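*Asks:* Taken in order, these protein sequences are the chains called A and B.
Note that the first sequence covers residues 398 to 797 in this note's numbering.
Note that the second sequence covers residues 24 to 125 in this note's numbering.
To be clear, the hints were calculated from the coordinates, so they are not data collected in a lab.
Note that the coordinates shown come from a computational prediction; the quantities given were computed from them, not determined experimentally.
All the pointers check out, no bait thrown in.
Covered stretches of chain A (in silico footprint by chain B; criterion: 3 or more residues with CB under 8 Å from a CB of chain B, positions within the stretch not fixed):
#	segment
1	467-475
2	537-543
3	644-658
The C-beta atom is built at its ideal place from N, Cα and C for all residues, glycine as well.
Each chain, written out:
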Amino acid sequence: MCKKRMPINCIVPPHVLDAMLSSDDEQVRKSALKTLTTSARIRGSREVVGAVRAAIGTNAIGKKQRSIHNARNKNLSSLQLPGELVRDEGQPAVSDSSVNRAYDGLGATYDFYKDVLGRNSIDGKGSRLVATVHFGDRFNNAFWNGKQMVFGDGDNIIFRDFTRSLDVIGHELAHGVTDFTAGLEYHNQSGALNESFSDVFGSLIKQFKLKQSANDADWLIGAEIMAPGVNARALRSMKNPGSAYNDPRLGGKDPQPKHMKDFVELPDDDDGDNGGVHINSGIPNHAFFLVAKKLGGFAWQQAGQIWYQALLQLFPTATFQDCADITAQVAASKFGAGSKQQAAVIEAWEKVGVHIAVPELVVETVPAPHENGGFKGMDLKQWLETMSEQFRYAAENYVS
Amino acid sequence: MKIEFKRSGGFAAPAMKQQIEIDTSELPPGDASQLQNLIEGADLESLAGRNPQPPRPDEFHYRIKVDDDEGRTYTATASDTDMPEAVGPLVEWLSKRASESG
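Chain A on its own, in the form it takes in the complex (with noise of 0.2 Å):
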């Protein structure tokens, strides 16, 4: 809620439009906001007005309300967020493009968990969306406060202006997501699946807005970030984890395994990021892709489904099998235990080093060697080369 104190001549106490404010009620809410926004003290006070809509939030479903406000390069030692409010939902664009990009793509994010996974913005109730841009003085960084979107502009030698790239925006709020769904932890093996869960959810927000199939996307993360001199073609590649970037600026090469013999151990620290979650998020990120890849078409409409239903059903402490046992049993109850959805699901994982033991999936459509019935009228070559087919194709099915 507001911390600030707001002196207000008005009829009705400050005490009583604060309590009015966090009503359940939405019409009251609105009668307090009201009353709040046309008193004289504030007309025209913007950052109060941010303050205030920003804390009330919820909304009807299918109607998505984005606040962007402008921090003017303060940081937290001088500045309240979510600071100035400088476009609201439904006004015109402005002059500051960081402004209207940080828009647009709260309203793509909306959008996609509206349309495709049929999902009420970020608390699932129709939330608020809010960024604040041009946070700090040259920041190189964007990031979820719990709340909302904090955009810096990039120091303009590493990175440029963070609002610029959709999967940066839609990752981070994904991670809202997140915070009410699985609640993945932090560190470790669970925060390497948050990492990821945001990455994933990220690319294809990007994907869906541009119409992209999963062979066209480019399965970047960051591209539209990297500043020209920096030898980066993104920050993260879920294509080809580990080859994104090479650069001593970056600390060198792109740290990311895209398998499990290559797991980075690290503290569970700052140092460790947390035990490596921007790391070893590369693992289950090159799983997505390859179920994306072997579907084929838009990686939204099947392998997208797949992982969001797989978000609504992990927990806090979801390990990187528990992510690949959920997604195989998603994948069977969505389309079929056997289905070719569930097989590219276990045999990504298995491709980065995950086994998932589905001791119910029985081959059964081996391909009978006649139509007829048994092997009549094949000579010993053929009999031996449709046996070796029969055996090739059980071998590549078999899972124990």
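With chain A's structure known, arrange chain B on it following the hints.
*Replies:* Using the frame of chain A, we list chain B on its own:
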């Protein structure tokens, strides 16, 4: 006074790590007094005792270790979401110095 500054985390982790060690006696006088003022203003000693907040996704974490001229050592931490008002300018100064020193 010796100061060790470390930045970790960030959206681009582990690529944005910063680390710098500064001995104020080796700084030009203007810089030394600037830094000393920032440290005093930041009141790091009282900050050093508190429990850090749990990490938020993709935020930077900052660690400042001070070996002062009276033989005391203390370490204070902050993050992008948990930045006491007085500490911000000090973090900015140290981070800028760290990136300049390459």
